[in-house]
Amino acid sequence: MKTPLVLVTVITESLFKDKIIDILRKKGATGHTLTNAQGEGSRGSRAADWEGPNIKIESIVSPEVADAVLEAVSGDYFENHSIIAWTTEVNVLRGEKFVKR
Amino acid sequence: MKTPLVLVTVITESLFKDKIIDILRKKGATGHTLTNAQGEGSRGSRAADWEGPNIKIESIVSPEVADAVLEAVSGDYFENHSIIAWTTEVNVLRGEKFVKR
Amino acid sequence: MKTPLVLVTVITESLFKDKIIDILRKKGATGHTLTNAQGEGSRGSRAADWEGPNIKIESIVSPEVADAVLEAVSGDYFENHSIIAWTTEVNVLRGEKFVKR
Chain A
215 MKTPLVLVTV
225 ITESLFKDKI
235 IDILRKKGAT
245 GHTLTNAQGE
255 GSRGSRAADW
265 EGPNIKIESI
275 VSPEVADAVL
285 EAVSGDYFEN
295 HSIIAWTTEV
305 NVLRGEKFVK
315 R
Chain B
215 MKTPLVLVTV
225 ITESLFKDKI
235 IDILRKKGAT
245 GHTLTNAQGE
255 GSRGSRAADW
265 EGPNIKIESI
275 VSPEVADAVL
285 EAVSGDYFEN
295 HSIIAWTTEV
305 NVLRGEKFVK
315 R
Chain C
215 MKTPLVLVTV
225 ITESLFKDKI
235 IDILRKKGAT
245 GHTLTNAQGE
255 GSRGSRAADW
265 EGPNIKIESI
275 VSPEVADAVL
285 EAVSGDYFEN
295 HSIIAWTTEV
305 NVLRGEKFVK
315 R
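If you're matching them up, the sequences are chains A, B and C in order. Add 214 to a position in the first sequence, counting from 1, and you land on the number used in the numbering used here. Add 214 to a position in the second sequence, counting from 1, and you land on the number used in the numbering used here. Add 214 to a position in the third sequence, counting from 1, and you land on the number used in the numbering used here.
Identical copies look the same in the list; a pair holds intra-copy or inter-copy alike.
Derived EDC-like pairs: lysine to aspartate or glutamate, alpha-carbon spacing no greater than 16 Å straight-line:
| no. | residue 1 | residue 2 |
| --- | --- | --- |
| 1 | 216 | 303 |
| 2 | 216 | 278 |
| 3 | 240 | 285 |
If you're looking for bench data, these hints aren't it; they were derived computationally from the structure.
From just these sequences and the hints, can you work out the full model?
See the structure below:
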C-alpha cells in the first residue's frame, strides 16, 4: 500500500516559483504543492540577511528525481539567491503514480 | 524527552477537509493541523489533470493509527479524487499525549 | 552536495511566535520559516481542548541545536500551553550554511 519515496521541499523567494516548478517538471516530478510562507535566514556570514514573502514547494518523487532536482537547484542560477532545499524519506500511498514510466 | 512517532500528511481538495478529519478522529488521532495549499498534479496518465485550492492536513500519531488512516484514505471513496498521503518518521516532544490509551 | 541535518517543526499559538524564534536564535539556528496554520488538538484527557490560529515554525539545524531547542520548548514556560514540536531527519542542500561555527 505504501511506497518508499522522497519528499523534496524547496523554500525560496516567491519570484522563483515558476523557475522551481519548471525544474521539477523537467526532472520528472508529476506534481507539486505550494504553500505561502515567511522566511528569515542566513545566506552566509550575517545573521539574517534576507526576510520576506517566500514560497514552499513540495513534491513527492523518486530518489533519482530528487537528486536531479537538488542538483539543478544547486546550480549557478541560485548561487546568490535565498533558497533552501532538502529531502525527506517518506512512505507514500499509491506511490506508483508519482513515478513516471 | 522525544518519542518516535509518525507524521501523517494528507493533501487533498478543500471539500474533503471534514471527511479527512473524521477519518483521523475515528482512527485514533488526538489532533491535527490544517494549512491552505495550492496543488497541481497527476491522477494518472496526463501531466497535470487537476489543480486548485487544496488543504494540507498533518497529524502526529502512532504507527498503528498511521496505517489505519492510510488504509481508510486509500479506500473506494477517494478512488477518483485527488489525494496525496504519506507518512514520515519523526521524534516528538511529549509524545505520550499523541497516543490514546 | 547534501548534508544530513535535522528539521525542527514547532506548531503553537500565534502569540508565541516571537518566543519560539527567540529560542531558535539563542540555541543556534541560522534561520526559520513561518507558515500560518489552524490547529485542533488535545492537551491531555479531552478530545479537543484547544483550536484556533496557529503558527508553524520550521528550522533546519544540527542535531545538537535540535535537542537544545526541544529542551527549551519542553520547559516550564509552555507547560500549560498548546505546543507541538518534533524533529525529522533530512538531507539538506548546501547544509554547511545552517551550522554556525
